[in-house]
Each structure stands twice: as C-alpha cells, then as structure tokens.
Amino acid sequence: MSNYAHPEVLVDTAWVASHAKDANVRVVEVDVDTKAYDESHVPGAIAWAWNTQLCDTVVRDIVPKAQFEALLTQSGIGNDTTVVLYGDNNNWFAAWAFWQLKIYGHKDVRIMDGGRKKWLAEIRDLDTAPTDPTPSPTPYKAGEPDLSIRAYLPQVQEAQKAASAVMIDVRSPQEFSGEILAPPGLPETCQRGGHIPGARSVPWGKACNDDGTFKSADELQKLYGAEGVSQSKPVIAYCRIGERSSHTWFVLKYLLGVNNVVNYDGSWTEWGNLVGAPVEKGAAKSVGQG
Amino acid sequence: MKPEHYSERKVEVDGWEVNLTTYQLGAKWHTKADNVSPGAALVRISADTREEAEALALARATKLLSRTKRRV
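Same order as they appear, the protein sequences are chains B and C.
Numbering (my numbering) for the first sequence: 5 to 294.
Numbering (my numbering) for the second sequence: 306 to 377.
Warning: the hint list may mix true and false statements.
[Unchecked claim] Label pairs and their in silico Cβ distance ranges:
| # | chain 1 | residue 1 | chain 2 | residue 2 | range |
| --- | --- | --- | --- | --- | --- |
| 1 | C | 314 | B | 19 | 42 to 52 Å |
| 2 | B | 263 | C | 368 | 43 to 53 Å |
| 3 | C | 319 | B | 137 | 40 to 50 Å |
| 4 | B | 55 | C | 314 | 40 to 50 Å |
| 5 | B | 193 | C | 319 | 18 to 28 Å |
| 6 | C | 377 | B | 277 | 20 to 30 Å |
| 7 | B | 162 | C | 312 | 16 to 26 Å |
| 8 | C | 319 | B | 136 | 38 to 48 Å |
| 9 | C | 341 | B | 191 | 30 to 40 Å |
| 10 | B | 149 | C | 368 | 16 to 26 Å |
| 11 | B | 19 | C | 307 | 17 to 27 Å |
| 12 | C | 307 | B | 192 | 38 to 48 Å |
| 13 | C | 314 | B | 71 | 39 to 49 Å |
| 14 | B | 21 | C | 314 | 39 to 49 Å |
[Claimed, not checked] Quick list of in silico lysine-lysine cross-link-like pairs, DSSO-like style, CA-CA up to 30 Å:
| # | chain 1 | residue 1 | chain 2 | residue 2 |
| --- | --- | --- | --- | --- |
| 15 | B | 226 | B | 122 |
| 16 | C | 368 | B | 39 |
| 17 | B | 25 | B | 165 |
| 18 | C | 374 | B | 69 |
| 19 | B | 226 | B | 145 |
| 20 | B | 69 | C | 307 |
Hints are computed from structural coordinates only; laboratory data are not their basis.
We put the CB at the ideal spot given by N, CA and C, even for glycine.
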C-alpha cells in the first residue's frame, strides 16, 4: 500500500482482525444489500444502512448533519475514533460512507482493502449476532459540510458546456452506451439512456483486483491517465446514484492523490431525467476520438 | 465461526453474466448473485444445502434479469 498517495486510509484484513475490538476503533459494515450484515459480519462490526441511515429519507440528499451526529454518537464513535469501513461489492457503499464522513470532517476514516469478499475468502471469523455498541458518552460533533468534494448539477452542466473538467462515467459499458438504463436486474430509474456528452468510460470495477483489493498505484495511474485524468484539470466522477462514483472518487483522491476530484452524486438518475439535458449515446471512444 | 467451502463462479443467465458466491456458515449455506460488471447484488439466499441456495438464487436472479430491457 506504500505507493499510494495516502496509504493511511487503507487497512488490510489482518489489521482489522487484530484491531476490530480496540476501544478507539469502530468497524462499520456498509453494504449494497443491507441484509448481508445479518447473514454474517466481522466480529465487533456494526452496520449502517445506506438507504435509511446515510441519506436524507425525505429530500434526495446526503445524511443531514444532525442525523449524522446522532448516528455516530449511537454507534459509539467519537471525534477521535478510528472508523474502519468495509462492505460488499468491493466496498461500493463503504466508499459512499467514507465520502460522507469526509464531508462532515471526520479525521480518521479508513477502508478495509478487499472488503467483505476478501474477509470471507480468507476464511476469517464471522459473527451472526448484531453488535450492540455502547453510545459515545460525548455527543459527536460534525464539522460544517465540506462540499468541495461534491458536485451539484449546475457545476456539472457548466463543466460539460465548457469542457472544463474530465468527466468520468464509472457505470458499466452497457449503461454508458445507453443499451440499458440501470444495472441488469435492477429497476430502471431514469428516462433516457446514455452518458453526459464528453464523458470518459472507466467502469469502477477496473480499479479492483479479482480478490476485491485495489490495484496498485501504477496500474491505477495507467488506467485513469489513459482517460485524461491528471492534476491539471478538475475531475468529476458520476454513476447512477453516486455510490459507485464515490468508490472512484476515493481511488482518485486518496490512492492517486488527484487534488481536484469531486463526486457528482446526482449522477445519471439526475442527468438522465432532466428535461433538455444533452445526452450522448454509443460506446466509449478512445481519447482523441472526441 | 468461520466460513467454509467458499466459492465463486460465473454463470450466464438470460444473456447476462452473473457471479455466484456461496459459503457455508454453521448449518446454513449462503449464496449471493451479482451482475458482475456493474457489481450490484441481485439476490442473497440462505438455505440448508449449497444446491438449494444456488438454485434459489439463480431462479430469483433469472426473474430479475428477464425484466432488463436492451435498447440497441
């Protein structure tokens, strides 16, 4: 992990096995499928549900500050706690949680490299009974939201018109081309298929090895560099609802050290439903083909 | 408890590639089906045998995947 820009944000499964029950460490499982934790989990881990606890359940938005503070307090997390996130699908929603923890300024957040998949494949201990954390004695105090790591629609529209940012579409090639409107088997949640004009296609999973761990810095540099990612231009990552793109945002910002990268969590369910928004269809072209 | 008999394999369902992950924990077998390239979990099933868990997962995955429309 030493050749990453910020290796301190990753821990391996062995580290978690040794530290999961440390007093200043809280391991949190965040899954795409919120039933996975009930099936089995890392001993000592708690679970957060992305669709009820890590979002505003009325307005489409990230978790509100007061709700975030209550969640962390109830989870036994203080401002100085080391939070280790992991989950299924190579840490999709663990990255989503990481992004929100950074928005609210939590200092020490890490991701377990390889996530749930690697833990299982290594035949490590599992619990089935839920962990009941003792709430933190001191209420958690979140910082003011750091929205410099989040893109809103007007910013994306402006960047698209001016071609002032590298737009990375991290969905599957079929979603990018417009062949399908959502990942196979999931409900269609947009009116139009395709991608934001000018976007480059780099499916999120290309950043991972078969065992779920992140690829090396050199491999990641080659992958994203070939699509125009560099320090010289802002980068906007998007997907369908913002969770796969938070994974890519994490890779670019913390593993490659790209300074100006944002997650557009409105993503395709916003852009692809917008009246009058320009849409491009068709398979990805190589850089230089437009 | 430790998981046993962990396995992963890819199968094609209704023209889509599906990843089946199965393991045993205690008396139960757990299978997850996901749609590989996007990576989203389609179904998670627990049953008394590997065969039952994988058959149920595949049946449910087939039902879900058959609803996906291709627009060429």
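Hint check:
Checked against the hint of 42 to 52 Å, the pair residue 314(C) and residue 19(B) fails, with Cβ atoms roughly 30 Å apart. A hinted range of 43 to 53 Å for the beta carbons of residue 263(B) and residue 368(C) is consistent with their spacing of about 46 Å. Taking 40 to 50 Å as the suggested C-beta distance range, the pair residue 319(C) and residue 137(B) conforms, at roughly 42 Å. Taking 40 to 50 Å as the suggested C-beta distance range, the pair residue 55(B) and residue 314(C) does not conform, at roughly 29 Å.
Take residue 193(B) and residue 319(C): their Cβ atoms lie about 20 Å apart, and the range 18 to 28 Å holds. Hint check: residue 377(C) to residue 277(B), Cβ distance near 22 Å, so the stated range 20 to 30 Å holds. Between residue 162(B) and residue 312(C), the C-beta spacing of about 49 Å breaks the proposed range 16 to 26 Å. Checked against the hint of 38 to 48 Å, the C-beta distance between residue 319(C) and residue 136(B) comes to roughly 42 Å, which is consistent with it.
One distance hint, 30 to 40 Å for the beta-carbon pair residue 341(C) and residue 191(B), is violated here, with the actual separation near 18 Å. Our hint of 16 to 26 Å for residue 149(B) and residue 368(C) is violated, since their Cβ atoms are close to 41 Å apart. Taken as a hint, the range 17 to 27 Å holds for the pair residue 19(B) and residue 307(C), whose Cβ atoms sit roughly 19 Å apart. In this structure, residue 307(C) and residue 192(B) meet the distance hint of 38 to 48 Å, their C-beta atoms being roughly 40 Å apart.
Range check, residue 314(C) to residue 71(B): about 40 Å between beta-carbon atoms, so the 39 to 49 Å window is met. Taken as a hint, the range 39 to 49 Å is violated for the pair residue 21(B) and residue 314(C), whose Cβ atoms sit roughly 27 Å apart. For the proposed pair residue 226(B) and residue 122(B), the alpha carbon gap of about 25 Å is at most 30 Å, so the pair holds. Distance hint between residue 368(C) and residue 39(B) is fulfilled; the C-alpha atoms sit about 20 Å from each other, no more than 30 Å.
A distance of roughly 50 Å separates the Cα atoms of residue 25(B) and residue 165(B); the hinted pair therefore is violated under the 30 Å criterion. About 39 Å separates the Cα atoms of residue 374(C) and residue 69(B), which puts this hinted pair outside 30 Å; it is violated. Restraint check for residue 226(B) and residue 145(B): the C-alpha separation of about 40 Å exceeds 30 Å, so the hint is violated. For the hint linking residue 69(B) to residue 307(C), the alpha-carbon distance of about 38 Å lies beyond 30 Å, and the restraint is violated.
Of the numbered hints stated above, those contradicted by the structure are hints 1, 4, 7, 9, 10, 14, 17, 18, 19, 20, listed in ascending order.
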